[in-house]
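Put chain B on the given structure of chain A with help from the hints.
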Amino acid sequence: MKILVGISKSPDTTSKIAFTDGNSKFDENGVQYIVNPYDEWYALVRALELKETIGGTVTIITVGAAADEAVIRKALAIGADEAVRVDADPKDAYYTAAQIADYAKSNGFDLILTGKETIQYNGSQVGGMIAEALDMPFVSLATKLDVDGTTLKLEKEYLGGIQSVEVTLPAVVSCAKGMAEQRIPNMRGIMAARTKPLTVIPAVQVEDLTSFTGYTTPPAKSSVKLIDPNNMDELVALLHNEAKVI
Amino acid sequence: MRTDLYTHPDYYNVDDLLTDEQKLVREAARAWVKKEVSPIIDEHYEKATFPKHLIKGLGEIGAFGPYIPEQYGGPGLDQISYGLIMQELERCDSGLRSTASVQSSLVMYPIWKYGSEEQRMKYLPKLATGEFMGCFGLTEPDHGSNPGGMITNFKDAGDHVILNGAKMWISNAPFADIAVVWAKNEEGRIHGLIVERGMEGFTTPETHGKLSLRASATGELVFDNVKVPKENILPGRSGLGAPLSCLDSARFGIAWGALGAAMDCYDQALRYSKERVQFGVPIGAFQLTQKKLAEMITEITKAQLLLLRLGQLRDAGKATSAQISMAKRNSCEIALNIAREARQIHGGMGITSEYSIMRHMANLESVVTYEGTHDIHLLITGMDVTGFSAFTREMPELK
Numbered sequence: 001m002k003i004l005v006g007i008s009k010s011p012d013t014t015s016k017i018a019f020t021d022g023n024s025k026f027d028e029n030g031v032q033y034i035v036n037p038y039d040e041w042y043a044l045v046r047a048l049e050l051k052e053t054i055g056g057t058v059t060i061i062t063v064g065a066a067a068d069e070a071v072i073r074k075a076l077a078i079g080a081d082e083a084v085r086v087d088a089d090p091k092d093a094y095y096t097a098a099q100i101a102d103y104a105k106s107n108g109f110d111l112i113l114t115g116k117e118t119i120q121y122n123g124s125q126v127g128g129m130i131a132e133a134l135d136m137p138f139v140s141l142a143t144k145l146d147v148d149g150t151t152l153k154l155e156k157e158y159l160g161g162i163q164s165v166e167v168t169l170p171a172v173v174s175c176a177k178g179m180a181e182q183r184i185p186n187m188r189g190i191m192a193a194r195t196k197p198l199t200v201i202p203a204v205q206v207e208d209l210t211s212f213t214g215y216t217t218p219p220a221k222s223s224v225k226l227i228d229p230n231n232m233d234e235l236v237a238l239l240h241n242e243a244k245v246i
Numbered sequence: 001m002r003t004d005l006y007t008h009p010d011y012y013n014v015d016d017l018l019t020d021e022q023k024l025v026r027e028a029a030r031a032w033v034k035k036e037v038s039p040i041i042d043e044h045y046e047k048a049t050f051p052k053h054l055i056k057g058l059g060e061i062g063a064f065g066p067y068i069p070e071q072y073g074g075p076g077l078d079q080i081s082y083g084l085i086m087q088e089l090e091r092c093d094s095g096l097r098s099t100a101s102v103q104s105s106l107v108m109y110p111i112w113k114y115g116s117e118e119q120r121m122k123y124l125p126k127l128a129t130g131e132f133m134g135c136f137g138l139t140e141p142d143h144g145s146n147p148g149g150m151i152t153n154f155k156d157a158g159d160h161v162i163l164n165g166a167k168m169w170i171s172n173a174p175f176a177d178i179a180v181v182w183a184k185n186e187e188g189r190i191h192g193l194i195v196e197r198g199m200e201g202f203t204t205p206e207t208h209g210k211l212s213l214r215a216s217a218t219g220e221l222v223f224d225n226v227k228v229p230k231e232n233i234l235p236g237r238s239g240l241g242a243p244l245s246c247l248d249s250a251r252f253g254i255a256w257g258a259l260g261a262a263m264d265c266y267d268q269a270l271r272y273s274k275e276r277v278q279f280g281v282p283i284g285a286f287q288l289t290q291k292k293l294a295e296m297i298t299e300i301t302k303a304q305l306l307l308l309r310l311g312q313l314r315d316a317g318k319a320t321s322a323q324i325s326m327a328k329r330n331s332c333e334i335a336l337n338i339a340r341e342a343r344q345i346h347g348g349m350g351i352t353s354e355y356s357i358m359r360h361m362a363n364l365e366s367v368v369t370y371e372g373t374h375d376i377h378l379l380i381t382g383m384d385v386t387g388f389s390a391f392t393r394e395m396p397e398l399k
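Going line by line, the protein sequences match chains A and B.
Residue numbers for the first sequence follow full-length UniProt numbering, so the first one is 1 and each next one is one higher.
Residue numbers for the second sequence follow full-length UniProt numbering, so the first one is 1 and each next one is one higher.
Chain A with its partners taken away, still in its complex shape (with noise of 0.2 Å):
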């Protein structure tokens, strides 16, 4: 089985978040990046399990530039087959999705695997454009995956119940929590990693849709207030007048 598994950068959870260019631009300076962790414990283990069990091959891509390697080494080291960059600073979804698509579609994948969103833009989208753009079907937040011949068995939680979905191979899938375990790489692997293809390509040309025209950070946290528990009156008018959340 051939299984594609894209890989995202996200900034370290403890990176101080700010922005450039009139609040219209994420400041880079000073971030240190992660693999996005929907992509790394979740698509990426149970794409190696699955190889683990029934054979076939990892490959993992990223859009980015060679500054975001190390991300692609650590992907790399925890044991997926080879690697491609597509050579670009991507822009948006679409952007995204148009690269992976265009490398799948001439590299001929079983199954393509992404986390179920990136942890800084959270937009969940990479995945369904994949899949509308290669015209094949798309399960997306699935917490468990199972492949039985052609057929892939794949479970959703919705409103605290499960759903059961069977999609025909090939196909596009976002993971969630819940799909694999995190792995930590060992030494053997990052050893391995050392000298496991890491294949350049160039973008191809994507129509330009989005301009993203400012951020904002949320409001800070204002202090706590402590209220007597005997005084449940000052306690609703707070929240009633105050928080407005009654």
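Hints listed in this document are in silico derivations from the structure and should not be mistaken for laboratory results.
A virtual CB, placed ideally from N, CA and C, is assigned to each residue, including glycine.
Check each hint, because a few of them may be wrong.
Calculated lysine-lysine pairs in the DSS-like style (CA-CA distance at most 30 Å, straight line) [unchecked claim]:
id, chain 1, residue 1, chain 2, residue 2
1, B, LYS122, B, LYS56
2, A, LYS2, A, LYS51
3, B, LYS56, A, LYS177
4, B, LYS274, A, LYS16
5, B, LYS274, A, LYS225
6, B, LYS23, A, LYS91
7, B, LYS155, B, LYS113
8, A, LYS16, B, LYS35
9, A, LYS196, B, LYS35
10, A, LYS16, B, LYS291
11, B, LYS34, A, LYS196
12, A, LYS244, A, LYS221
Rough simulated footprint, nothing fancy, chain B against chain A, three-plus residues with beta-carbon under 8 Å [to be verified]:
id, region
13, 62-74
14, 181-189
Relative to the frame of chain A, chain B by itself:
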């Protein structure tokens, strides 16, 4: 212990000077420590037990002989990666780092540097995975800072030698499969011997009652007419310089490790100072707290830069013993000071096992003592800059 929220301070963006692989090695070690060690270390510390089940994982993250070449089963990493792994381990507990640095620098290093090809092939791959654990016998009951005065000795007996003597304060001794032991031959020349568990007359009684490094096993090595085959003698080097070169490698790891303990204390103190409210404001808003934190991060930053440069020198084969000695002393000293200040910031909470600070503080009392005490390292630097040795004195005449 609370959820392990550790992130390393990097005030001068020293990370920009590390390679992607060095950062990945560190990240893997940290993730493993947070998952496998942080949740259980306090229990082992309190019960004074060594978490033996971690040995396999230590091997997998490359903590055993990180710089040992791939042909001998090691990962073939550089010295900075070695330092970073030790830093991540000691960030959690000095005892954990002690186990790894003894295995790496005091067991694998001498076998790699001074062992025969047969010895390397026999021991190094198994030591790299943790299938074999090792210890290092240099210190004796009456010879600590002065190892050259050792009395452990061996005598030629045909195809083997007869080893007699005792070693003390030996990390990993109680469970080690092999011991690299330094002993004098009949001419008084120091040689290294690989002594295997099971050799008749070789015992390793455990040292009890330690109030420091409690999650690390320490013991004695006792040799009572132990027959050691001659092929177990390290052929590559003899004299006191041989074990001292191993200590260079171990002290390098300690220098990085002790700074890890300091970074952990600072990380917790900084977080606590923003959360803990007294007189209506976070205690981090008070000048005396800020003074403590500012001094901590200044010392940590200086040490990070010193260690990075030392790593570069060591990778280039240019680091002197005296340079390594300075780094070991400095890291231990600032780590102890930072642990004490961090404890102050935590007030009463700082003495509980909910925070790792008091454990670090107690551990660091061993770290500042072993592999050359603070005072001995001062004398090494003193001798290096003046050219005068202050190690020995004539016995003063009694009046």
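Now the hints, each set against the structure:
Distance hint between LYS122 of chain B and LYS56 of chain B is fulfilled; the C-alpha atoms sit about 19 Å from each other, no more than 30 Å. Taking the CA atoms of LYS2 of chain A and LYS51 of chain A, the gap is about 9 Å. The hint holds against a cut of 30 Å. Restraint check: the Cα-Cα separation between LYS56 of chain B and LYS177 of chain A comes to about 28 Å, which is no more than 30 Å; the hinted pair holds. Among the hinted pairs, LYS274 of chain B with LYS16 of chain A is consistent with the structure: their alpha-carbon atoms are about 16 Å apart, no more than 30 Å.
Taking the CA atoms of LYS274 of chain B and LYS225 of chain A, the gap is near 17 Å; set against the 30 Å cutoff, the hint holds. Only pairs whose Cα atoms come within 30 Å are accepted, and LYS23 of chain B paired with LYS91 of chain A is accepted, the gap being roughly 27 Å. For the hint linking LYS155 of chain B to LYS113 of chain B, the alpha-carbon distance of about 24 Å falls within 30 Å, and the restraint holds. Note on LYS16 of chain A and LYS35 of chain B: the hinted pairing holds, with a Cα-Cα distance of about 25 Å set against a maximum of 30 Å.
For the given pair, LYS196 of chain A sits about 27 Å from LYS35 of chain B by alpha-carbon distance, which is consistent with the 30 Å threshold. Restraint check for LYS16 of chain A and LYS291 of chain B: the C-alpha separation of about 23 Å stays at or below 30 Å, so the hint holds. A distance of roughly 28 Å separates the Cα atoms of LYS34 of chain B and LYS196 of chain A; the hinted pair therefore holds under the 30 Å criterion. This hinted pair checks out: LYS244 of chain A and LYS221 of chain A have alpha carbons roughly 16 Å apart, not beyond 30 Å.
Residue count for the region 62-74 of chain A with a Cβ under 8 Å from a Cβ of chain B: 4. That meets the three needed, and the coverage hint holds. For the region 181-189 of chain A, the stated coverage by chain B holds: 6 residues have a C-beta nearer than 8 Å to a C-beta of that chain, and at least 3 were required.
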